[in-house]
Amino acid sequence: MSIPKIIHYCWLSGDPYPELVQFCMQSWKEKLPDYDFVLWDKSHFDIHSVPWVEQACFAKKWAFAADYIRLYTLYNYGGIYLDSDVEVLKPFDTLLDRKYFFGREHTPDSIENQESIEAATFGSEKGLSFIKSVMAFYEKRDFCDKNGFLNTTTLPTVMARCLRGNPLEVFPMDYFSPKNTRTLALETSKNTYSIHHFNGSWHSLAQQKHVALRTKLCKVFGERVGEILASFCAVFINFRYEGVFVTMKKILAKL
1 MSIPKIIHYC
11 WLSGDPYPEL
21 VQFCMQSWKE
31 KLPDYDFVLW
41 DKSHFDIHSV
51 PWVEQACFAK
61 KWAFAADYIR
71 LYTLYNYGGI
81 YLDSDVEVLK
91 PFDTLLDRKY
101 FFGREHTPDS
111 IENQESIEAA
121 TFGSEKGLSF
131 IKSVMAFYEK
141 RDFCDKNGFL
151 NTTTLPTVMA
161 RCLRGNPLEV
171 FPMDYFSPKN
181 TRTLALETSK
191 NTYSIHHFNG
201 SWHSLAQQKH
211 VALRTKLCKV
221 FGERVGEILA
231 SFCAVFINFR
241 YEGVFVTMKK
251 ILAKL
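All letters in the sequence shown, in the order written, are residues 1 to 255 by this note's numbering.
Worth flagging that the hints you see were computed from the coordinates, not collected in a lab. Careful: at least some of the hints might be erroneous.
Capping the alpha-carbon separation at 20 angstroms, the derived lysine to aspartate or glutamate pairs in EDC-like fashion look like this [what the hints assert, rightly or not]:
1. K190 - D93
2. K132 - D142
3. K190 - E30
4. K60 - D41
5. K90 - E30
6. K42 - D15
7. K179 - E19
8. K190 - D174
9. K60 - D145
10. K126 - D36
11. K126 - D97
Cβ pair distances, simulated, as ranges [what the hints assert, rightly or not]:
12. K99 - H48: 25 to 33 angstroms
13. E115 - R224: 13 to 21 angstroms
14. R224 - S49: 40 to 48 angstroms
15. K216 - S27: 23 to 31 angstroms
16. G14 - K140: 25 to 33 angstroms
17. K99 - L186: 23 to 31 angstroms
Since this is a predicted model, take the numbers as computed values, not measurements. Virtual Cβ for every residue (Gly too), placed ideally from N, Cα, C.
Can you make the complete structure from the sequences, with help from the hints?
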């Protein structure tokens, strides 16, 4: 069995495609003319079938709902999943004889966990057991707890946890995630198939403000110092946009 030439993607909000998404989708059509494209939206996937997905959609946190749906599509049909903010540079044909392909998400050295998986671009044959193990994380959890707080654990983190102790091969960052998440600089190579532009549609307003400030600081002071300064400022940003109670809950959860 091999990976079929099917591109799966999600768009759950029903909103018109932003300019960046239109640009990225055009790259799919140009670079992948002989691939089939399958849109997964509310008419194609029963959002009520999985509590996590239903709750994420109710909260309009579309990216978190899509975290499960992308796993569902690859496990049941096989193919390649692309986030709508992924630009394709060349066909994935040389990867299709494999049972799967995954890559590292761009995480600066000494700042973040280097095990993070790029969940915006990955592929597998139908029925891959690893995909099923990641699905299980979502199938036994709620997105929204009884107090109304949201579980914003990201899919790259979940996939990394499931990979621990698993012998699956993971490609380096330059394959599918060459964009520096701190400075937004592109670090492509001859290996690069796609670029995740990190649109961050799932970010709250506070997170958007934090990311924008972090980018500016990292460009001026370098990634290590910029990250430290941005982390310090994040507390005040959260106080302003999310309130004291929510901010303190987040801080205590990390202790």
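Hints, verified against the model:
1. K190 - D93: Holds - the C-alpha atoms of D93 and K190 are around 15 angstroms apart, at most 20 angstroms.
2. K132 - D142: 18 angstroms, holds
3. K190 - E30: 19 angstroms, holds
4. K60 - D41: Satisfied, since the Cα-Cα distance of roughly 13 angstroms is no more than 20 angstroms.
5. K90 - E30: Holds, because 9 angstroms separates the two Cα atoms, which is no more than 20 angstroms.
6. K42 - D15: The given pair, whose Cα atoms are some 12 angstroms apart, holds under the 20 angstroms limit.
7. K179 - E19: 19 angstroms, holds
8. K190 - D174: 9 angstroms, holds
9. K60 - D145: 16 angstroms, holds
10. K126 - D36: With a Cα-Cα distance of about 16 angstroms, the restraint between K126 and D36 holds, given a limit of 20 angstroms.
11. K126 - D97: Given that 20 angstroms is the threshold and the Cα spacing comes to 13 angstroms, the pair holds.
12. K99 - H48: 25 to 33 angstroms: Holds, since K99 and H48 (Cβ atoms, about 32 angstroms apart) stay within the stated range.
13. E115 - R224: 13 to 21 angstroms: 19 angstroms, holds
14. R224 - S49: 40 to 48 angstroms: 44 angstroms, holds
15. K216 - S27: 23 to 31 angstroms: 28 angstroms, holds
16. G14 - K140: 25 to 33 angstroms: 29 angstroms Cβ-Cβ, so the 25 to 33 angstroms window holds.
17. K99 - L186: 23 to 31 angstroms: 30 angstroms, holds
Figure legend: structure checked against the earlier numbered hints; every hint is met.
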